[in-house]
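Chain residues, written in single-letter form:
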Amino acid sequence: QKEVEQNSGPLSVPEGAIASLNCTYSDRVSQSFFWYRQYSGKSPELIMSIYSNGDKEDGRFTAQLNKASQYVSLLIRDSQPSDSATYLCAVSLGSWGSYIPTFGRGTSLIVHP
Amino acid sequence: GAVVSQHPSWVICKSGTSVKIECRSLDFQATTMFWYRQFPKQSLMLMATSNEGSKATYEQGVEKDKFLINHASLTLSTLTVTSAHPEDSSFYICSARDLATSGDNEQFFGPGTRLTVL
Chain A
1 QKEVEQNSGP
11 LSVPEGAIAS
21 LNCTYSDRVS
31 QSFFWYRQYS
41 GKSPELIMSI
51 YSNGDKEDGR
61 FTAQLNKASQ
71 YVSLLIRDSQ
81 PSDSATYLCA
91 VSLGSWGSYI
101 PTFGRGTSLI
111 VHP
Chain P
1 GAVVSQHPSW
11 VICKSGTSVK
21 IECRSLDFQA
31 TTMFWYRQFP
41 KQSLMLMATS
51 NEGSKATYEQ
61 GVEKDKFLIN
71 HASLTLSTLT
81 VTSAHPEDSS
91 FYICSARDLA
101 TSGDNEQFFG
111 PGTRLTVL
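Sequences listed follow chains A and P, in order.
Here the working numbering is used: position 103 in the first sequence is 103, and no number is missing along the way.
Here the working numbering is used: position 3 in the second sequence is 3, and no number is missing along the way.
Think of the hints as simulated: they come from the structure by calculation, not from any bench.
Computed from a predicted model, the values in this text were never measured in an experiment.
It is possible that some hints are incorrect.
What the hints assert, rightly or not - In silico DSS-like cross-links for lysine-lysine, where the CA-CA straight-line distance does not exceed 25 Å: (1) K64(P) / K20(P); (2) K55(P) / K20(P); (3) K42(A) / K20(P); (4) K42(A) / K41(P); (5) K66(P) / K20(P); (6) K55(P) / K14(P); (7) K64(P) / K2(A); (8) K67(A) / K56(A); (9) K42(A) / K14(P); (10) K41(P) / K66(P); (11) K2(A) / K67(A); (12) K66(P) / K14(P); (13) K55(P) / K66(P); (14) K2(A) / K41(P).
As the list claims (entries may be wrong) - According to the in silico footprint, chain P covers these stretches of chain A (three or more CB under 8 Å from chain P): (15) 36-46; (16) 102-112.
Ideal Cβ placement from N, Cα and C applies to all residues, glycine included.
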């Protein structure tokens with residue numbers, strides 16, 4: 001049984017701060033890792049994907065992957081109230097073409113002015 | 001990016017009735033679409049993989065006779081919840097891959113359908 005664990009939160013940070021979201025996974029051979037943002041009542045939208053150990057930056061977002069420790073994190077710099085949402089971590093054994101990701105329950109982020 | 005639509009966006013029905021949800025890829029062809037269900041404050045749970053021109057592949061624990069999936073064309077998949085009951089009330093989301101232009105790992109989600117069964 002593949003498991004993806006996230007702290008449900010809510011994680012509350014002030015505007016302008018760095019928000020740090022964490023995710024751990026159980027299947028050691030996982031290869032693909034995704035972060036989705038989901039606003040209340042809406043479907044998820046892809047923020048970042050990461051496949052190799054280390055950091056990957058895209059604008060205010062940085063994904064960090066450590067396969068040895070089986071965790072992946074998402075950092076949001078200069079957090080804005082519009083970043084308030086639930087962030088879903090998804091983990092896959094490989095590409096979407098062959099493997100369907102397993103989703104975590106999500107971490108609720110609240111950015112207060 | 002590619003656009004996936006769902007219809008209806010929300011539906012309220014009486015217990016025992018059937019509800020059909022449509023998922024369309026608007027500007028690309030999708031040989032495979034995925035149907036998810038999400039209960040409040042829960043993760044996305046994959047229900048089934050819908051393959052154009054063939055039978056859907058259901059995840060363990062999902063009743064194929066209750067959740068009928070038809071993928072009649074490369075741009076349309078439908079999910080029919082038969083004899084719906086209050087416990088079927090949930091947020092149903094479809095997703096699709098654009099094989100022609102996207103990388104292996106790019107998946108596009110529809111906006112979701114909120115089903116409430118009274």
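Tested hints:
{"no.": "1", "hint": "K64(P) / K20(P)", "in the structure": "holds (14 Å)"}
{"no.": "2", "hint": "K55(P) / K20(P)", "in the structure": "holds (17 Å)"}
{"no.": "3", "hint": "K42(A) / K20(P)", "in the structure": "holds (19 Å)"}
{"no.": "4", "hint": "K42(A) / K41(P)", "in the structure": "holds (13 Å)"}
{"no.": "5", "hint": "K66(P) / K20(P)", "in the structure": "holds (12 Å)"}
{"no.": "6", "hint": "K55(P) / K14(P)", "in the structure": "violated (28 Å)"}
{"no.": "7", "hint": "K64(P) / K2(A)", "in the structure": "holds (23 Å)"}
{"no.": "8", "hint": "K67(A) / K56(A)", "in the structure": "holds (14 Å)"}
{"no.": "9", "hint": "K42(A) / K14(P)", "in the structure": "holds (24 Å)"}
{"no.": "10", "hint": "K41(P) / K66(P)", "in the structure": "holds (24 Å)"}
{"no.": "11", "hint": "K2(A) / K67(A)", "in the structure": "holds (15 Å)"}
{"no.": "12", "hint": "K66(P) / K14(P)", "in the structure": "holds (16 Å)"}
{"no.": "13", "hint": "K55(P) / K66(P)", "in the structure": "holds (14 Å)"}
{"no.": "14", "hint": "K2(A) / K41(P)", "in the structure": "holds (19 Å)"}
{"no.": "15", "hint": "36-46", "in the structure": "holds (count 6)"}
{"no.": "16", "hint": "102-112", "in the structure": "holds (count 4)"}
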